[in-house]
Amino acid sequence: DVKVTQSSRYLVKRTGEKVFLECVQDMDHENMFWYRQDPGLGLRLIYFSYDVKMKEKGDIPEGYSVSREKKERFSLILESASTNQTSMYLCASSATWTGESYTFGSGTRLTVV
Amino acid sequence: RKEVEQDPGPFNVPEGATVAFNCTYSNSASQSFFWYRQDCRKEPKLLMSVYSSGNEDGRFTAQLNRASQYISLLIRDSKLSDSATYLCVVTLTGFQKLVFGTGTRLLVSP
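Protein sequence lines, in the order shown, are assigned to chains A and B.
Oh and the first sequence: position 67 is 119 in my numbering, straight run, nothing missing.
Oh and the second sequence: position 27 is 118 in my numbering, straight run, nothing missing.
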């Protein structure tokens, strides 16, 4: 089975801190994604990457950046954390552009205080 | 208007009941359709794809109506373990992302 691992299950950070969320997949997938999930708003795409060093903005990229230096690793960076970035962050990977092979990590619940 | 809309529920049904969820999408260029399942505090997992001709997987049946732009999921003989949130998901031709509905919550009681 494809495994997508997110480095932290729960994270508490202070306003203004730089935050790194790490995601690693073990199936040589080309595509990786970062979503955030909030009650009533569902999952929203922040950034995605279809190749090493390539990145594309999703629907809500403001306040975030990403890094993909290796195929298996996709990092989400909150440059200066704010309380409105408190959320569940989900990483996903896929080998194709269809949803069938999207596999999600177990999520990181980030609280910014 | 949201790209993908679902009734948030919750749908409360007894074990053994049949329950159906609908989902509507706004973009007629939507190309691929899926149902994902998400358990409380867990990540979404693919339940099934939705094909134009309709498809079935055990107790689950998915249907697509392109003319009316809606997708349905039917669950027969509900089990306690079916309690979860069901997410309707679409993709657009040429776009490399999934668009998620906010989910429909199902509670199956003994």
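Treat the hints with caution; some may be incorrect.
Over the 10 Å line for every Cβ pair with chain A, so calculated as not near, a few chain B residues [to be verified]:
#, residue
1, 143
2, 152
3, 159
4, 168
EDC-like, lysine to aspartate or glutamate: derived pairs with alpha carbons at most 16 Å apart [what the hints assert, rightly or not]:
#, chain 1, residue 1, chain 2, residue 2
5, A, 55, A, 69
6, A, 123, A, 74
7, B, 188, A, 108
8, B, 133, A, 90
9, A, 55, B, 94
10, A, 70, A, 131
11, A, 123, A, 90
12, A, 109, A, 80
13, B, 170, B, 134
14, B, 188, A, 131
15, A, 122, A, 78
16, A, 109, A, 69
17, B, 188, A, 103
18, B, 93, A, 114
19, A, 122, A, 90
20, A, 122, A, 82
21, B, 188, A, 78
22, A, 55, A, 78
23, B, 188, B, 130
24, A, 70, A, 111
25, B, 136, B, 168
Honestly, the hints are just simulated from the structure, not real lab data.
Every residue, glycine too, gets a C-beta built ideally from N, C-alpha and C.
Status of each hint after checking the structure:
1. 143: Given that every Cβ of chain A is farther than 10 Å from that of residue 143/B, nearest at about 15 Å, it holds.
2. 152: With a cut-off of 10 Å, residue 152/B remains clear of chain A, as the shortest Cβ separation is near 18 Å.
3. 159: 21 Å, holds
4. 168: Its Cβ never comes within 10 Å of chain A, the nearest being 25 Å, so this holds.
5. 55/A / 69/A: Answer violated: residue 55/A to residue 69/A is near 29 Å, above 16 Å.
6. 123/A / 74/A: 13 Å, holds
7. 188/B / 108/A: 11 Å, holds
8. 133/B / 90/A: 13 Å, holds
9. 55/A / 94/B: 29 Å, violated
10. 70/A / 131/A: 5 Å, holds
11. 123/A / 90/A: 28 Å, violated
12. 109/A / 80/A: Not OK: residue 109/A and residue 80/A at ~22 Å, beyond 16 Å, violated.
13. 170/B / 134/B: 20 Å, violated
14. 188/B / 131/A: 24 Å, violated
15. 122/A / 78/A: Roughly 12 Å separates the two Cα atoms, so the pair holds.
16. 109/A / 69/A: 22 Å, violated
17. 188/B / 103/A: Satisfied, since the Cα-Cα distance of roughly 14 Å is no more than 16 Å.
18. 93/B / 114/A: 20 Å, violated
19. 122/A / 90/A: 29 Å, violated
20. 122/A / 82/A: Roughly 11 Å between the alpha carbons, so the hint for residue 122/A and residue 82/A holds.
21. 188/B / 78/A: 21 Å, violated
22. 55/A / 78/A: 6 Å, holds
23. 188/B / 130/B: Given that 16 Å is the threshold and the Cα spacing comes to 22 Å, the pair is violated.
24. 70/A / 111/A: 21 Å, violated
25. 136/B / 168/B: 21 Å, violated
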